[in-house]
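Please take these sequences and the hints and turn them into a complete structure.
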Amino acid sequence: MNKLFLGCIAWLLACTAQAQFRVEVSGTGLTQFPIAIAAFKGNEGMTQRIAAIVQADLERSGQFRSVEGNTAGLDENTRPDLASLRKQGADALLTGSVSRVGDDRYEVRFRLWDTVRSQDLGGQSHSVGAAEMRRVAHKIADTVYEKLTGEKGVFATRIAYVTKSAAVYNLWVADADGEGAQSALRSTEPIISPSWAPNGNQLAYVSFESRKPVVYVHDVDSGKRRLVANFKGSNSAPSWSPDGKTLALTLSRDGGSQIYLMDAVQPGAEARRLAASSGIDTEPTFSPDGQTVYFVSDRGGSPQIYKVPVSGGTPERVTFGGSYNISPAVSPDGRSLAYISRVAGAFKLHVMDLASGQAQAITDTSADENPSFAPNSRMIIYATQQHGREALMTSTLDGRVKARLAGQSGDLREPDWGPMGK
Amino acid sequence: MNKWILMALVATLAACSTPVKLDEASVEDKSAQGSGATMKALTPATTGAAASNAGSVASLDASATAKSAVGAERIVYFDFDSFAIRPEFQGIIESNARTLKANKAAKISIEGHTDERGGREYNLALGQKRAEAVRKALGLLGVSEAQMEAVSFGKEKPAVAGNSEAAMEKNRRAEISVR
Numbered sequence: 013m014n015k016l017f018l019g020c021i022a023w024l025l026a027c028t029a030q031a032q033f034r035v036e037v038s039g040t041g042l043t044q045f046p047i048a049i050a051a052f053k054g055n056e057g058m059t060q061r062i063a064a065i066v067q068a069d070l071e072r073s074g075q076f077r078s079v080e081g082n083t084a085g086l087d088e089n090t091r092p093d094l095a096s097l098r099k100q101g102a103d104a105l106l107t108g109s110v111s112r113v114g115d116d117r118y119e120v121r122f123r124l125w126d127t128v129r130s131q132d133l134g135g136q137s138h139s140v141g142a143a144e145m146r147r148v149a150h151k152i153a154d155t156v157y158e159k160l161t162g163e164k165g166v167f168a169t170r171i172a173y174v175t176k177s178a179a180v181y182n183l184w185v186a187d188a189d190g191e192g193a194q195s196a197l198r199s200t201e202p203i204i205s206p207s208w209a210p211n212g213n214q215l216a217y218v219s220f221e222s223r224k225p226v227v228y229v230h231d232v233d234s235g236k237r238r239l240v241a242n243f244k245g246s247n248s249a250p251s252w253s254p255d256g257k258t259l260a261l262t263l264s265r266d267g268g269s270q271i272y273l274m275d276a277v278q279p280g281a282e283a284r285r286l287a288a289s290s291g292i293d294t295e296p297t298f299s300p301d302g303q304t305v306y307f308v309s310d311r312g313g314s315p316q317i318y319k320v321p322v323s324g325g326t327p328e329r330v331t332f333g334g335s336y337n338i339s340p341a342v343s344p345d346g347r348s349l350a351y352i353s354r355v356a357g358a359f360k361l362h363v364m365d366l367a368s369g370q371a372q373a374i375t376d377t378s379a380d381e382n383p384s385f386a387p388n389s390r391m392i393i394y395a396t397q398q399h400g401r402e403a404l405m406t407s408t409l410d411g412r413v414k415a416r417l418a419g420q421s422g423d424l425r426e427p428d429w430g431p432m433g434k
Numbered sequence: 004m005n006k007w008i009l010m011a012l013v014a015t016l017a018a019c020s021t022p023v024k025l026d027e028a029s030v031e032d033k034s035a036q037g038s039g040a041t042m043k044a045l046t047p048a049t050t051g052a053a054a055s056n057a058g059s060v061a062s063l064d065a066s067a068t069a070k071s072a073v074g075a076e077r078i079v080y081f082d083f084d085s086f087a088i089r090p091e092f093q094g095i096i097e098s099n100a101r102t103l104k105a106n107k108a109a110k111i112s113i114e115g116h117t118d119e120r121g122g123r124e125y126n127l128a129l130g131q132k133r134a135e136a137v138r139k140a141l142g143l144l145g146v147s148e149a150q151m152e153a154v155s156f157g158k159e160k161p162a163v164a165g166n167s168e169a170a171m172e173k174n175r176r177a178e179i180s181v182r
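Sequences listed follow chains E and Z, in order.
Residue numbering for the first sequence follows my numbering, starting at 13 and increasing by one per position.
Residue numbering for the second sequence follows my numbering, starting at 4 and increasing by one per position.
Keep in mind that a hint or two might mislead.
What the hints assert, rightly or not - Now the stretches of chain E that chain Z is said to cover, found in silico as 3 or more residues with beta-carbon under 8 Å: (1) 243–255; (2) 263–274; (3) 332–343.
Hints were generated in silico from the structure; no laboratory data involved.
Computed from a prediction, not measured in an experiment: that's the story for all the values here.
For glycine and all other residues, C-beta sits at the position ideal for the given N, C-alpha and C.
Spelled out as structure tokens, the structure:
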């Protein structure tokens with residue numbers, strides 16, 4: 013009777029996992045790599061399905077399309093009929109297996125095949141506990157992605173985000189697909205603007221727990237945190253320099269929201285003003301070479317995005333379309349700027365090519381917030397509203413492939429994508 | 004049976020005699036603190052009274068400081084995208100200034116808020132402008148800077164849930180609260 017009950021729960025969880033994930037592809041003529049992914053032999057009846065997780069990761073990247081093929085019964089040792097799979101439309105095949113090798117110890121093996129050149133592209137073996145099954149699936153997806161695109165995958169990275177559920181706020185650290193979330197902070201007052209340190213170990217964020225906004229730097233593993241900004245007035249919008257040594261943030265201590273730089277490591281650090289205006293300067297964010305800070309200012313009469321050298325100087329305006337441009341994020345490869353622009357009353361995610369200045373709206377939602385680039389610059393995570401709920405989405409930079417993230421229940425907001433390799 | 008009728012009557016009378024005002028300092032939103040059962044005992048009569056004022060159930064801010072307001076009124080409302088203090092709120096500024104000048108040990112926090120449209124950090128800055136406008140106005144009337152701190156909650160703590168015009172009007176505000 014118990015076995016039946018547990019079986020039903022597992023089935024239900026598996027179904028829920030599938031139902032939460034849906035990739036929306038818009039437009040035609042996308043260049044997507046077709047790949048067939050065989051169910052991993054020995055993985056049946058387990059909660060975490062390696063093939064399904066890899067498929068979801070690759071599809072969400074927008075660069076892969078999953079192909080159904082004759083993959084039944086294959087594992088990493090079988091020599092597959094590559095020509096037949098090629099005919100079925102797959103340019104690559106992933107096979108693998110999961111074997112139990114001890115008490116809560118599993119060996120996960122895989123092999124990747126090129127069906128076009130009839131080549132074995134290699135394989136790997138991972139020894140893991142049951143709790144690490146999702147993580148190993150993400151690592152396999154990264155390996156496949158890198159082998160076939162030449163670029164680094166981001167599937168084993170982490171994200172941070174905030175939920176609001178009734179009167180409780182949580183700051184979550186989760187896998188890049190939104191699963192496996194763990195609460196870093198729980199509060200009855202709002203938490204906003206989480207920002208990963210480049211080392212992937214710390215999060216800066218704004219907390220209202222003392223009835224005013226203050227900035228903490230929080231060590232994710234230990235849970236220890238340091239109050240870094242509690243100047244008179246409001247303290248917010250923390251953003252790390254790429255070398256992890258400096259925090260840019262918004263302080264109102266001198267009257268009005270202005271941007272300051274402070275040493276990220278020294279406790280009780282002094283804050284140096286970076287730019288000056290008589291209005292609002294906020295939302296600082298560093299360029300990937302650490303030399304420039306992009307920020308929002310209404311010095312021209314309406315909120316627009318500007319940039320200024322880290323050493324100070326005259327800010328230069330970056331956005332010129334429309335009367336409300338906020339929340340800048342620069343891609344790690346330095347080529348693109350994501351931001352939110354108000355267009356006819358709707359708040360819409362835009363991506364600008366920094367070389368040409370050309371920008372386009374990439375969503376059809378109207379309450380977009382807080383874009384953050386994946387560390388390989390190929391995807392953006394952002395918050396929006398769908399069907400009356402706040403949700404997190406990922407999108408390719410051209411907006412053609414989007415996915416809604418799984419995650420905690422309640423309203424999901426304030427995402428930040430963590431760095432590579434953590 | 005009679006006991007229930009009596010209780011319902013008492014509840015109805017109590018609700019009718021104290022209509023819920025949005026800037027009523029003494030009312031707390033108990034549901035936000037998780038003790039929803041207390042509110043439930045008073046429905047539907049209380050909800051009815053609130054509905055006739057606001058058209059929807061107002062969820063009030065659960066600040067502990069709401070209990071001890073400085074002066075009779077403590078909230079200044081603002082127009083969309085504006086931090087200018089409208090003439091009708093000058094009286095609130097003046098009465099709070101009088102109280103603070105008479106009691107130099109009193110400290111207040113001026114909390115600026117916005118409606119829910121737009122980004123969180125930019126709205127934090129807008130709310131800050133509203134709080135500072137009130138701070139400046141109080142300062143011009145002679146209140147010492149040491150007694151005041153202007154902070155912002157941006158769009159994080161609306162007084163009224165929802166995105167109707169009526170709700171947003173009540174969220175664009177600066178609140179004076181005792182620290």
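Structure-based check of each hint:
1. 243–255: holds (count 5)
2. 263–274: Answer holds; 4 residues pass the 8 Å Cβ test.
3. 332–343: As far as the stretch 332–343 of chain E goes, the hint holds, because 3 residues have Cβ atoms under 8 Å from chain Z.
Checked against the numbered hints above, the structure violates none of them.
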